[in-house]
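Asker: Sequence:
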Amino acid sequence: MKKEEFLNKLRIKLSNLPKEDLEERINFYSEMIDDRIEDGFKEEEAINDIGTLDEVSRQVIANYPLKKLIKEKVTPKKKINIATIILLVLGSPIWLSLLIAVIVVLFSLYVVLASLLISLWAVFIALVAGGLGGIVLGVIYIFQGSGALLLGGSIICLGLGILLFFGCKELTKLFMVFSKNIVVWIKNLFLKEVK
Numbered sequence: 015m016k017k018e019e020f021l022n023k024l025r026i027k028l029s030n031l032p033k034e035d036l037e038e039r040i041n042f043y044s045e046m047i048d049d050r051i052e053d054g055f056k057e058e059e060a061i062n063d064i065g066t067l068d069e070v071s072r073q074v075i076a077n078y079p080l081k082k083l084i085k086e087k088v089t090p091k092k093k094i095n096i097a098t099i100i101l102l103v104l105g106s107p108i109w110l111s112l113l114i115a116v117i118v119v120l121f122s123l124y125v126v127l128a129s130l131l132i133s134l135w136a137v138f139i140a141l142v143a144g145g146l147g148g149i150v151l152g153v154i155y156i157f158q159g160s161g162a163l164l165l166g167g168s169i170i171c172l173g174l175g176i177l178l179f180f181g182c183k184e185l186t187k188l189f190m191v192f193s194k195n196i197v198v199w200i201k202n203l204f205l206k207e208v209k
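Under this note's numbering, the first residue of the sequence shown carries the number 15, and numbering increases by one thereafter.
No lab work stands behind these hints, which were simulated from the structure alone. Remember, predicted model here, so these are calculated numbers, not experimental data. Virtual Cβ for every residue (Gly too), placed ideally from N, Cα, C. Heads up, a few of these hints could be off.
Calculated lysine-lysine pairs in the DSS-like style (CA-CA distance at most 30 Å, straight line) [what the hints assert, rightly or not]:
#1 K56 x K93
#2 K33 x K16
#3 K201 x K187
#4 K194 x K183
#5 K82 x K33
#6 K23 x K33
#7 K17 x K33
#8 K187 x K81
#9 K81 x K16
#10 K183 x K82
#11 K56 x K23
#12 K17 x K93
#13 K82 x K194
#14 K23 x K194
#15 K33 x K187
Computed spacing ranges between beta-carbons, pair by pair [what the hints assert, rightly or not]:
#16 L104 x S29: 31 to 37 Å
#17 L80 x I108: 24 to 30 Å
#18 M15 x L101: 43 to 49 Å
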């Protein structure tokens, strides 16, 4: 794919962005391609190095400020007729309460997921702290009857804590990706993606 073809297709993909922001993004990627060509890449290699059209358009939308997008898209561009206003007002007790209920349920599910993740990290800290404390006490009381049992149990707790660390780390990464995808999804509600 040639540079102009890539930029034209990217312009079509991002056509719902405001004009000045669209031109800024197109100029940015044009300069990026030119820089790679100056570094010795062929034109096709430079474009492939940037990524596919879908990846680039998703990245631009993900990095576009939500506040700016809402301000741009929520501002009415045409007059709303009186019949539409009357229907919105009369139907608002139903649709507004349903909308609020859906938003609250989705937000509460997100909070529950975050709480579970925080709880897993707390269990990890408890296992490691208990394991380390138990090892110290187990060494001190090793020659008493319960010292060896305490030492063994503490090593098991420490091992479980280490295993839980890797699980918590991966779940945290997944939660961060999930959070980013939620923000991108909200942005896409305000910005129809051009196929």
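Asker: Which of the listed hints are not met by the structure?
Answerer: 1, 9, 10, 12, 15
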